[in-house]
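One letter stands for each residue in the lines below.
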Amino acid sequence: MQRSLRITGIICVNQVRRVLTDRGTPIWLLALPLALIGVLGMSLQPLMSSDFAPSKPFHVVVAEIPGGNHVAVIEALRGMERFLEVASVADPESARELVRHRVADAALISSPGKPAAVTIVAAPGSVVAEVLESAIERILLEITVQRTEGVEIAHTQVDVTDGAGETPPWLRTDAFTYYAAGITAMFVMFAAHAVTVTVATDRATDAYARLRSLGVKPAVYMLGGSLAAVAVAILFVCTVALISALLFGVNWGALGPWTVLTVLGATAAAGLSLVVMALVPNPEHVDSAGSAIYNVLAFLGGSMSPLLVLPEWFRRSFAWLPNRALLDGYLKTSLGAAASEVSAEATTLLVASVALFALGWTVWSVRGRGEEA
Amino acid sequence: MAMARGGGNLEPAATKPIIRVEGLRKQYGKTLALAGVSFSVLPGETFGLLGPNGAGKTTTLKILCGLVRPDGGDVTVDGLSVTRNTQAVQRLLGVVPQGLALYEDFTARQNLVFFAKLRGIPRSERAKQVDDILRLIGLEEDANRRVKGFSGGMKRRLNIGIGLLGNPKVLLLDEPTVGIDPQSRRYILDSVRRLADQGVTIIYTSHYMEEVEYLCERVAIIDHGRVIAQGPIDEVRALAGDSVVLRVPVANGDVVDLDSLRSSISVPIEARTGELRFVLPEGSAQVPTVLNALVAVGLPLDGMRVESPNLETVFLALTGKALRDHGANGGAS
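Here the protein sequences come in this chain order: W and X. Heads up: the first sequence runs through residues 452 to 824, numbered per my numbering. Heads up: the second sequence runs through residues 68 to 400, numbered per my numbering.
To be clear, the hints were calculated from the coordinates, so they are not data collected in a lab. Glycine included, each C-beta is placed from N, C-alpha and C at the ideal position. Worth double-checking, as some hints may not be accurate.
Said to hold, decoys possible - Here are the simulated lysine-lysine pairs, DSBU-like style, with alpha carbons at most 30 Å apart:
no.	chain 1	residue 1	chain 2	residue 2
1	W	K507	X	K184
2	W	K507	X	K222
3	W	K668	X	K236
4	X	K222	W	K668
Claimed, not checked - A partial selection of chain X residues facing chain W, derived with a Cβ cut-off under 8 Å:
no.	residue
5	G121
6	P164
7	Q165
8	F182
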């Protein structure tokens, strides 16, 4: 037992060292994620920043429909003088015409009935549309968004609450914080994967055979490799968190809940990389297979496109993914959440870690059965 | 009588073998890798396992060092069964796999230190042993360079050096000279000889019969998972009977139509870099026939050499095929 623990430690340290001494590591696991945080944060900051203001207020026309339940919204918007210059028009069609002819930047049309609904007419993806959406979402109304570029194109239902009546963290954060969390949740998988690639390299060459001939049991080898994956992933998160705080002023929140999320997120990432390695029979294909899977997961988990621009069904469908849970958890901690407030995300990560390690270990053991002594 | 044709397991009676391989069988799916391999190795002996690619040499070694479980049969090393006392046997062995089992981003010293730790060499002895091995394999001046920058020969030497950690009683060398330059090859062969002189028992697998002839006292020839001949080299060589090898140089640019040649003379022909080799089962009497055939296909003759049979000739004589796949080269086509 003592010998096995000693060998596990030696294997773990060796795998960590191999990743750290690889000359590609600073590029793929440091420069690239930081560059992505910087570029994505800067480009989306205008839309996600709480202190954003245009050079001159946007001209917004409001069509007053008799019986429309819009008074509270219109009053609130009139109060946003730095952003909006609100004028009234006679009917919805006049409001749309003004937008089509670029006389107004956007139009608001309220609909009668309950719950209160407001239609935004504006160019798709325009800043004014985002400002209006964001402002109305903050008023916690169920709204209908209609964007137009000359022609009306769509109606979209936007649920601005997270189901519990609270505004979700991804609507309350700035772009740098969002992408620091998102890119970290994405690249933590690549960090763990870097160790998996070294393990796969051992298996593709005769290094694994040599280790086995020195009495290293397969279970000990895999345990050492998995611990190394967790260690590299944690090291990666710590480094990116520190540098992003210094470079972009990202606030990661309290250390306690952040540490819990980081350890569990790294463990889930290591479990996932074990599954990838176990499922891909050819060690030479582990690297490319892993990269493809992690990129898809990153997209589904909101690391690439911000969750606020993704449809509700999409956000709900993939909320169970470990990288999404890590993103949500980090965003909550950045907003000052305590450990108890990230318990749902921590539980998701814990369950994912256990399930992924169990699956990876089982598949790997079954595959190796009968071939090894 | 220590020589046997076929799978018999005869050994010198006076000395107790340190390794006994008995009736090893192994099947991978539908492929039969070993079909009852048996041989034994004496303490301090350099024993050659010779055979073409896929003959079963590597599988035999993998079973020997506890990496693969045999379907039948067993191996004992120093009286310990490898299937029942795997870890105890592994402590007696130094293994040099066929592939380069190294970390290329580490230095030579870092590689040795890592494997020394796994081998359980105490910290107090580790540095000295690593230095000794670096000296033995001629890499002391490159000890702190990354392996990535090493030549193929240097990597092979380090690969062997790692197998020497812990002063193993038995060293298993699996094709240790594959893909390296002649100078490094010579260095490795001389190093293996020095180890043998120090009393290390060595099993050396190769499909280069000249290496086996240079290093080994006894040999087993394997083909299709069976031992087809084994014993002291001279006695195994005698299995070739009256055969001789005729070597004819082929200048660069000369084109030989091997198909025509094979149709005109019914003896095994190998095309090697710069020469053609003919195995003549009836001895020197067949030389004129071959030379006439060469003239007939238009090859300018610029000398020839007749050699006594070697292990390759034995293999050809016993199986009717060459140990190595050479393809057409040396101007042959």
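Against the earlier hints, flag every one the structure doesn't satisfy and list their numbers going up. 1, 2 and 5
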